[in-house]
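With the hints as your guide, set chain R onto chain W.
Residue-level listing of the chains:
2 protein chains.
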Amino acid sequence: MSVDYSALTLADIRTAHARIREHITRTPVLTSARLDALVGASLFFKPENLQKIGAFKARGAANAVFALSAEVAARGIVTHSSGNHGAAVARAARLRGLTAQIVMPTNTPRLKVGNVEAEGGHVVWCEPTLAARETTTARLLAETGATLVHPYNDLHVMAGQGTATLELMEDVPNLDLVTCPVGGGGLLSGTAVAAKGVRPSIRVVGVEPANADDAARSFKAGQLVGPTTPNTIADGLRGALGELTFAAIQGHVDDIVTVSEEAIIKAMRLVWEHLKIVIEPSAAVPVAALVEGLISGVAGQRIGVILTGGNLDLDRLPWQTA
Amino acid sequence: MSVDYSALTLADIRTAHARIREHITRTPVLTSARLDALVGASLFFKPENLQKIGAFKARGAANAVFALSAEVAARGIVTHSSGNHGAAVARAARLRGLTAQIVMPTNTPRLKVGNVEAEGGHVVWCEPTLAARETTTARLLAETGATLVHPYNDLHVMAGQGTATLELMEDVPNLDLVTCPVGGGGLLSGTAVAAKGVRPSIRVVGVEPANADDAARSFKAGQLVGPTTPNTIADGLRGALGELTFAAIQGHVDDIVTVSEEAIIKAMRLVWEHLKIVIEPSAAVPVAALVEGLISGVAGQRIGVILTGGNLDLDRLPWQTA
Numbered sequence: 001m002s003v004d005y006s007a008l009t010l011a012d013i014r015t016a017h018a019r020i021r022e023h024i025t026r027t028p029v030l031t032s033a034r035l036d037a038l039v040g041a042s043l044f045f046k047p048e049n050l051q052k053i054g055a056f057k058a059r060g061a062a063n064a065v066f067a068l069s070a071e072v073a074a075r076g077i078v079t080h081s082s083g084n085h086g087a088a089v090a091r092a093a094r095l096r097g098l099t100a101q102i103v104m105p106t107n108t109p110r111l112k113v114g115n116v117e118a119e120g121g122h123v124v125w126c127e128p129t130l131a132a133r134e135t136t137t138a139r140l141l142a143e144t145g146a147t148l149v150h151p152y153n154d155l156h157v158m159a160g161q162g163t164a165t166l167e168l169m170e171d172v173p174n175l176d177l178v179t180c181p182v183g184g185g186g187l188l189s190g191t192a193v194a195a196k197g198v199r200p201s202i203r204v205v206g207v208e209p210a211n212a213d214d215a216a217r218s219f220k221a222g223q224l225v226g227p228t229t230p231n232t233i234a235d236g237l238r239g240a241l242g243e244l245t246f247a248a249i250q251g252h253v254d255d256i257v258t259v260s261e262e263a264i265i266k267a268m269r270l271v272w273e274h275l276k277i278v279i280e281p282s283a284a285v286p287v288a289a290l291v292e293g294l295i296s297g298v299a300g301q302r303i304g305v306i307l308t309g310g311n312l313d314l315d316r317l318p319w320q321t322a
Numbered sequence: 001m002s003v004d005y006s007a008l009t010l011a012d013i014r015t016a017h018a019r020i021r022e023h024i025t026r027t028p029v030l031t032s033a034r035l036d037a038l039v040g041a042s043l044f045f046k047p048e049n050l051q052k053i054g055a056f057k058a059r060g061a062a063n064a065v066f067a068l069s070a071e072v073a074a075r076g077i078v079t080h081s082s083g084n085h086g087a088a089v090a091r092a093a094r095l096r097g098l099t100a101q102i103v104m105p106t107n108t109p110r111l112k113v114g115n116v117e118a119e120g121g122h123v124v125w126c127e128p129t130l131a132a133r134e135t136t137t138a139r140l141l142a143e144t145g146a147t148l149v150h151p152y153n154d155l156h157v158m159a160g161q162g163t164a165t166l167e168l169m170e171d172v173p174n175l176d177l178v179t180c181p182v183g184g185g186g187l188l189s190g191t192a193v194a195a196k197g198v199r200p201s202i203r204v205v206g207v208e209p210a211n212a213d214d215a216a217r218s219f220k221a222g223q224l225v226g227p228t229t230p231n232t233i234a235d236g237l238r239g240a241l242g243e244l245t246f247a248a249i250q251g252h253v254d255d256i257v258t259v260s261e262e263a264i265i266k267a268m269r270l271v272w273e274h275l276k277i278v279i280e281p282s283a284a285v286p287v288a289a290l291v292e293g294l295i296s297g298v299a300g301q302r303i304g305v306i307l308t309g310g311n312l313d314l315d316r317l318p319w320q321t322a
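These protein sequences, in sequence, are chains W and R. Residue numbers for the first sequence follow our numbering, beginning at 1 and rising by one. Residue numbers for the second sequence follow our numbering, beginning at 1 and rising by one.
Just chain W, same shape as in the assembly:
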């Protein structure tokens, strides 16, 4: 394998793009004069809700699965995820003619289970605790010799997630800043390494819910701090940084800012109204930071925004009161 396990590089991300290109959607770039006026900058949105399985996770999972040798892949692919990563791994495995095993807690919403099953994934249930998830995953790996595709703390996954920014910067030259949400940090790692690699003068800012701010605290402290109990509507961002993602973020990210739950919901609605796309709360997080003026020095700048996904229950929307 060509990936250097000491650090993620632009070359890894370019290799990932060549590898996964035929298996993913090249998402377009969207703009809105109304949102530009609101923020006072030129915004270029990369709508990964239009990506396969409705989220950027299709990129990293495809890169990790297709990077395996045929022999290793044949021993099986396992992941644990209650979210979009599970469907992404299931899909990538299916495209290689394999069936991935997806460890999911028994309290996973029916919608997410259905997304995994629709992609041909085999759901392995576990109790809804971290210990049960780790035990179940370890047992599967030991029994089968399968490969674990971690949701974010994996250089192939991180490289795959960076391909969204690679495409955005091909389509939109001269960006001054790129921003995306941060949960486990796979997307922010790939985004930062891609952006700084292509254009060293660019700024990269991650945005996190204030109610799930382990990445912001770790970034400021200069060391990994344990997560508190996250309580945010942005359910895709409840994970905590890993060692690999933290290293990439420390090396390449300029700042991490945090936003309130109210700002997330307001920004989500603004995107639905003005870009006419369905995004999940997690995807609205960087938009919230821009609308609330929490990222400094953006006036008049050209800003790339990665919109992460659009998988949510449409029965009730967050701005609808009971």
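Note that these hints are calculated values from the structure, not bench results. There is no bait here: all hints are sound.
Coverage of chain R stretches by chain W, computed from C-beta distances (three or more under 8 Å per stretch; other residues unrestricted): (1) 27-38; (2) 268-282; (3) 313-320.
The C-beta atom is built at its ideal place from N, Cα and C for all residues, glycine as well.
Relative to chain W, chain R alone:
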């Protein structure tokens, strides 16, 4: 002017595209394996909700406004619309450095008024009756010598609407069928002339709410029949065919089918869920016909679907019961 006022031609639509290209968004093509499986065909969606002002109407209005000579344009531009066409004309006029007058009934939803004003349009209020609308419009035209840009019964407008299909057929070769909604018939006229012009073997099917079926009845009768009182959630399709649109439709459309209100709402939700985009009820109408199996002979075919727009009130969604 180069347009032949006797009938719409492919050349008119190509001229329109060259004229408006720099003023509109080239919308992408979206696909969904899940929707393909549901219909049993390969669907290629043209998401005009991502168009400027959130609807295909930006195309026709831009073509009509930019086709005017500077001298004629300077005398003013007037239209009447309670919907997306008003915002489209306001925007096109603004791009020419002019202010359009938009006649709107006093019961127009606040959202639509806001869209016109955001594009710099000047709203002229009238009582919410057909007579008041016509009187007010006629008075404005007489007072100022302005030009009326009719919402659909205008060859420049029809030609502009056809540019969506021109782009779709450039991006997706070998379509077997194209389908779109029909209200006043501007979009269906342009769609049919563009599609048959580029590929004579293609089928073109219009879809209309059963509760606003004047086009289907006129098409079957071979003559324009008066509208009944439309009562449909697809508020963009309440208009009745005009002479010019009826002629184009008679000459180039293979069939017009109708769908129920329930099917429209179901299809709208399917598009939100699987394509991750916000479309208004009117845009879901052709999707409803495909999902319900109301268009014959589509099994295994390659089908283009024009999704017309995404302007609606997000406070309450049609599938949400009280």
